[in-house]
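J.: Below, each chain spelled out in residue letters.
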Amino acid sequence: MRRLMLTAGALCAALVLSTGAFAQVPADPNNPNETVPDAQPNTPYGEPINLETAKKVAAAASAESAKRNWAGMCIAVVGPSGDLVYFEKPDLCQYASVTISQAKARAAARYRRPTLVFERLIGKGAFFNYLPTLGSDFIASRGGNPIVVGGKLIGAIGVSGGTGSQDDTISQAGAAALK
Amino acid sequence: MFATAVHAQQPAAAPPPPPPAYGPPVTTEQAKKAVAAAITEAKKSGYLFTFAVVDPSGDLVYFEKMDGAPTASNDIGIGKAWTAATFKRPSKAFFDGMETGHSFFGQLHPRIVASAGGIPLMVDGKIVGAIGVSGGANGLMDNGAAQAGVDALK
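Residue numbers (my numbering), protein chains in the order written: chain A, 1 to 179; chain B, 180 to 333.
Hint data in this document are derived by calculation from the structure and do not stem from the laboratory.
Think of the CB as a built atom: it goes at the ideal place given N, C-alpha and C, for glycine as much as any other residue.
Some hints could be false.
Derived DEER-like restraints, expressed as beta-carbon distance ranges [said to hold, decoys possible]: (1) B/V302 to A/D137: 47 to 55 Å; (2) B/D238 to A/S136: 14 to 22 Å; (3) A/S136 to B/P203: 46 to 54 Å; (4) A/N69 to B/A192: 31 to 39 Å.
Within a straight-line C-alpha distance of at most 27 Å, the following computed DSS-like cross-link-like pairs (lysine-lysine) qualify [as the list claims (entries may be wrong)]: (5) A/K55 to B/K211; (6) B/K333 to B/K211; (7) B/K211 to B/K267; (8) B/K305 to B/K211; (9) A/K55 to A/K179; (10) B/K212 to A/K56; (11) A/K152 to A/K55; (12) A/K152 to A/K179; (13) B/K305 to B/K212; (14) A/K179 to A/K67; (15) B/K211 to B/K223; (16) B/K333 to B/K305; (17) B/K222 to A/K67; (18) B/K222 to B/K211; (19) B/K222 to B/K212; (20) A/K55 to B/K223; (21) B/K305 to B/K267; (22) A/K56 to B/K267; (23) A/K124 to A/K56; (24) A/K55 to B/K267; (25) B/K267 to B/K333; (26) A/K67 to B/K211; (27) A/K179 to A/K56; (28) A/K55 to B/K212; (29) B/K305 to A/K56; (30) B/K212 to B/K223; (31) B/K212 to B/K267; (32) A/K56 to B/K222; (33) B/K333 to B/K212; (34) A/K56 to A/K67.
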């Protein structure tokens, strides 16, 4: 008798769960994430940026900093996987920027897009609140930019030390050195 | 009546002199100079290395990775530099401690890298940071390159 009750109970539970009595959350028509784009553009990764090229990128960024008299810009250059290839901290750079510049470079490489994109998306509102849950390599502050040569992403540059807008100016100057 | 035993005590071995004071954080220019010297020495081996310089707080000041160096050498090289700077002694001291049966050396802090290759950088008799090298056949090879970096600032 007990066995029959247990079996009946299990069957009832299965029926309740399968009808979706635990309600699905309906889609919000205002949510831009609901659309399904046709294409998936994928910039291929290339051979990791070599040290000499990384220094060239960093030098271009430094030159831009010097030109603008922004003396405290940390510069990080990473390979396609986000691992560090080159890093320099000018004497006047703040400590926080040591890690932030590396994080920006890493995110730009691993997500294959400028970190500016994430900053702007989060600024758009609640539908993009999910972004910071993506993981520890996510950073939503502009200043990280992919380094693309011959249509392939060979690395990324991250800059931190000023305002985000200043960081990104220097970062883009570095990435542009290879164009 | 209990006789209290008088134990003849061995005099405790005199402790080593205290390590030097910290100086002002290593400058970018000093860091580049040290790394350049370390690279020159490292290239003699034919192995591929990473080179890191940190300041007394253990924060990264300068980093270079030779093309094709082992991926793990990034964290290990930075870790050796961090160990040497924050403990005011070569990372080899931790290796030696563990090799002679003192495993607690490796457990004092999760960031410790108990392998030779991290050495404090000295300027005017003060510790201004440390250099860390990784990628060689063993810690001693890394250590030789790191020492060349240290010597460059003398």
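J.: Determine for every hint whether it applies to the structure shown.
T.: Do the hints match the structure? See the list:
At roughly 36 Å, the beta carbons of B/V302 and A/D137 sit outside the given window of 47 to 55 Å. Checking the proposed 14 to 22 Å range against B/D238 and A/S136 shows it holds: the Cβ atoms sit about 19 Å from each other. Range check, A/S136 to B/P203: about 33 Å between beta-carbon atoms, so the 46 to 54 Å window is missed. Take A/N69 and B/A192: their Cβ atoms lie about 57 Å apart, and the range 31 to 39 Å is violated.
In summary, the hint linking A/K55 to B/K211 is supported, as the alpha carbons are separated by about 12 Å, within the 27 Å threshold. For the hint linking B/K333 to B/K211, the alpha-carbon distance of about 14 Å falls within 27 Å, and the restraint holds. Annotation: proposed proximity of B/K211 to B/K267 holds, straight-line Cα distance about 21 Å (limit 27 Å). For a cut-off of 27 Å, the pair hint linking B/K305 to B/K211 stands: about 18 Å separates their Cα positions.
Taken as a hint, the A/K55 and A/K179 pair is honoured in the structure, with Cα atoms around 15 Å apart against an allowance of 27 Å. For a cut-off of 27 Å, the pair hint linking B/K212 to A/K56 stands: about 18 Å separates their Cα positions. Distance check on the hinted pair: A/K152 and A/K55 sit about 19 Å apart at the alpha-carbon level, within 27 Å; holds. With a C-alpha separation of about 12 Å, the suggested pairing of A/K152 with A/K179 holds against the 27 Å cut-off.
Taking the CA atoms of B/K305 and B/K212, the gap is about 17 Å. The hint holds against a cut of 27 Å. For the given pair, A/K179 sits about 20 Å from A/K67 by alpha-carbon distance, which is consistent with the 27 Å threshold. Of the supplied pair hints, the one linking B/K211 and B/K223 holds, its CA atoms being roughly 19 Å apart against a limit of 27 Å. Proposed proximity of B/K333 and B/K305 is supported: the alpha carbons are some 11 Å apart, at most 27 Å.
For the hint pairing B/K222 with A/K67, the CA-to-CA distance comes to about 35 Å; that exceeds 27 Å, so the pair is violated. Taking the CA atoms of B/K222 and B/K211, the gap is near 16 Å; set against the 27 Å cutoff, the hint holds. Pair hint B/K222 plus B/K212 holds up; C-alpha atoms about 16 Å apart against a cutoff of 27 Å. A threshold of 27 Å between alpha carbons decides the hint, and for A/K55 with B/K223 the separation of about 22 Å falls inside it, so the pair holds.
A hinted pair counts as satisfied when its Cα atoms are at most 27 Å apart, and B/K305 with B/K267 qualifies at roughly 10 Å. Proximity of A/K56 to B/K267 is assessed by CA-CA distance (about 34 Å); at most 27 Å being required, the pair is judged violated. For the hint pairing A/K124 with A/K56, the CA-to-CA distance comes to about 35 Å; that exceeds 27 Å, so the pair is violated. Distance hint between A/K55 and B/K267 is unfulfilled; the C-alpha atoms sit about 30 Å from each other, more than 27 Å.
For the hint pairing B/K267 with B/K333, the CA-to-CA distance comes to about 17 Å; that is within 27 Å, so the pair holds. For the hint pairing A/K67 with B/K211, the CA-to-CA distance comes to about 22 Å; that is within 27 Å, so the pair holds. Only pairs whose Cα atoms come within 27 Å are accepted, and A/K179 paired with A/K56 is accepted, the gap being roughly 12 Å. Between A/K55 and B/K212 the alpha-carbon distance is near 15 Å, which keeps this suggested pair within the 27 Å criterion.
This hinted pair does not check out: B/K305 and A/K56 have alpha carbons roughly 33 Å apart, beyond 27 Å. Taken as a hint, the B/K212 and B/K223 pair is honoured in the structure, with Cα atoms around 18 Å apart against an allowance of 27 Å. At most 27 Å may separate the alpha-carbon atoms for a hinted pair to count; B/K212 and B/K267 meet this at roughly 21 Å. Note on A/K56 and B/K222: the hinted pairing holds, with a Cα-Cα distance of about 21 Å set against a maximum of 27 Å.
Between B/K333 and B/K212 the alpha-carbon distance is near 11 Å, which keeps this suggested pair within the 27 Å criterion. With a C-alpha separation of about 16 Å, the suggested pairing of A/K56 with A/K67 holds against the 27 Å cut-off.
In terms of the numbered hints stated before, the structure departs from hints 1, 3, 4, 17, 22, 23, 24 and 29, listed from lowest to highest.
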